[in-house]
Amino acid sequence: MIRLLKIEWNKTYNYRTARIFIILYFVLLVSMGYLVTIINPSIDNLSINLAQFGAYVFPYVWQNITFFADFGSIFLGIIIITSITNEYTYRTIKQNLIDGLTKKEFLLSKLLVSLIFAILSTLIVFFACLILGLHYTKNPDSIFTGAEFILGYFLKLSAFFSFCTLFAVWIRKSGFAFMCVFLWRLCEIIILSIEKFNSDSSSSFFLSNLLPANAATKLLPFPNIKPQNLLTGEPVFSLGYFPCEYCIVVVAYIAIFIILSYRLLKKRDL
Amino acid sequence: MNTVLEIDKLSKHFGSLVAVDDISFSVEKGNVYGLLGPNGSGKTTTLGMILNVVNPTKGTWRWFGKTHSTDSLKKIGAIIERPNFYPYLSAVKNLETVAIIKQAPFSRIEEKLETVDLLHRKDDRFSAFSLGMKQRLAIAAALLNNPEVLILDEPTNGLDPQGIIKIREIIKQIASTGTTIILASHLLDEVEKVCSHVVVLNKGKSIYCGTVENMSGELGYFELGAASTGELINMLEAMPYFEKITRMQNLVSATLKTDLNAEELNEMLVKSGIFLSHLVKRKNNLEQQFLNLIKNETDDTTAKNRME
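Heads up: the protein sequence lines correspond to chains A and B, in order.
As numbered in this note's numbering, residues 1 to 270 make up the first sequence, in order.
As numbered in this note's numbering, residues 1 to 308 make up the second sequence, in order.
Do not take every clue at face value.
[As the list claims (entries may be wrong)] Within a straight-line C-alpha distance of at most 27 angstroms, the following computed BS3-like cross-link-like pairs (lysine-lysine) qualify:
1) K58/B - K103/A
2) K267/A - K205/B
3) K193/B - K283/B
4) K93/B - K94/A
5) K9/B - K203/B
6) K244/B - K94/A
7) K134/B - K94/A
8) K103/A - K166/B
9) K6/A - K93/B
10) K9/B - K6/A
11) K134/B - K172/B
12) K134/B - K93/B
13) K94/A - K271/B
14) K281/B - K244/B
15) K6/A - K58/B
16) K218/A - K94/A
17) K104/A - K94/A
18) K122/B - K193/B
19) K267/A - K66/B
20) K74/B - K266/A
21) K94/A - K75/B
22) K193/B - K6/A
23) K203/B - K267/A
24) K122/B - K94/A
25) K104/A - K6/A
26) K281/B - K103/A
27) K103/A - K244/B
28) K104/A - K173/A
29) K166/B - K104/A
No wet-lab data here; the hints were simulated from the structure.
Based on the sequences and whatever the hints tell you, model everything.
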């Protein structure tokens, strides 16, 4: 395990572009906790102070921050895809295998890096939420209500990374792999929209939500905002429902992506 | 157990193309083997299979008498086709990665860089290296685990004469330490200069495996000259030793059918009143032997096809 990490560290960290990307990502993620408190988006010249709206108050902070932090995962997706496709472009995967690395170890070393990225991001986001929440909540009684969104964030990152791994192993060209990941996402959105459009308004379950990217998106729902509550003085935010059943779907997808990547790697000649 | 590698009926099909067809041969410890064959004869595919990067269609192989595992790969050093490294990493960082994979100590890195004469460029990026330097770095990487077998695929391909000489010197130096070497090449004189044994592949089949000397299986030929060439030819034709006698300008070439040394021939001719002005016994060089082998093989196939 340590050996595999050392190999990846040597390959990735000494690669300047990857190093800059990784550092930039984590700096952004850490500073996000501070940045969200000073950025006030304006709608119709009306400046909105999210903090005043209670965006960072327990328990809503868990849902709101994880939702926005998720956008950064695209950075790491790029790094994961290039770190695999580079091995094909430079044909170093072939040399690695000749030198005595097994195909399983090769895939494992890439997955380990993804896992570390996901764990680090989750920890940072967890502490950012905790600090923001403690700072803005007047009477914090149930701090960890809604903290299950942290689990959702971790699972969504893991699913995205293993999805990227599969496409990188499959397509072997970074540009194409990235485009395919993006197109896939787009297709799922379109399929979901079509299904929604064709079904009656009362139904709340859509079959296309079981597709990988849609299922992962369900784990981090869009923050529930009711601006009209401002007038009545009620809380603007409300806590969304965390879909445990989708956790199982996403975990299953992660397993499928990893198994497929391994089978592709195993079957192909280099 | 002195057999380093046994290959048994190994085949590889790419769709309808048969790249390697039922190859069997073995490699003995301490020898330098040349894997000879024209481009596209299946050399690299064969090496790919025994190094676990190409999945065989059928057949088996054994390294060091054991069924293949990645542990046996750790006793092997190999370069296939061209040097593959991370272009953005320095020579040392690249070798560090290889050392971790092979579980070899980092302390050997400088030693091996010294062997291939690259120590002064150790902190330069791989992408800044010339082809010769890249090839030498690949050899250094292959040597990191002090391998029992070194496999080199076309190591001098695309190099300038100086680079070729340098690589050959390195190979000879490594061979002198008792390391078994398998050298794939289509350059015959390279194989002749470095190897003691050859395996000849053609169209995915192995058509010869053995020492360089025994390769042709032929006894050689005489080059003869005498005052009267006509008389000489008549005399030779009367003898039972030759299968082919040809006239080349003022010399005669006589290919042997049964073994005969030069003194015996000279004595017989003197007794019959022919005095030679020129007498040499020769064997075909590797290039001619190789071409003969390939030609025979092709003739056989054509003959078979005709019969069908």
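Margin query: I'd like to know which numbered hints this structure contradicts. Please list them from smallest to largest.
Written below: 6, 8, 10, 13, 15, 16, 18, 22, 26, 27, 29
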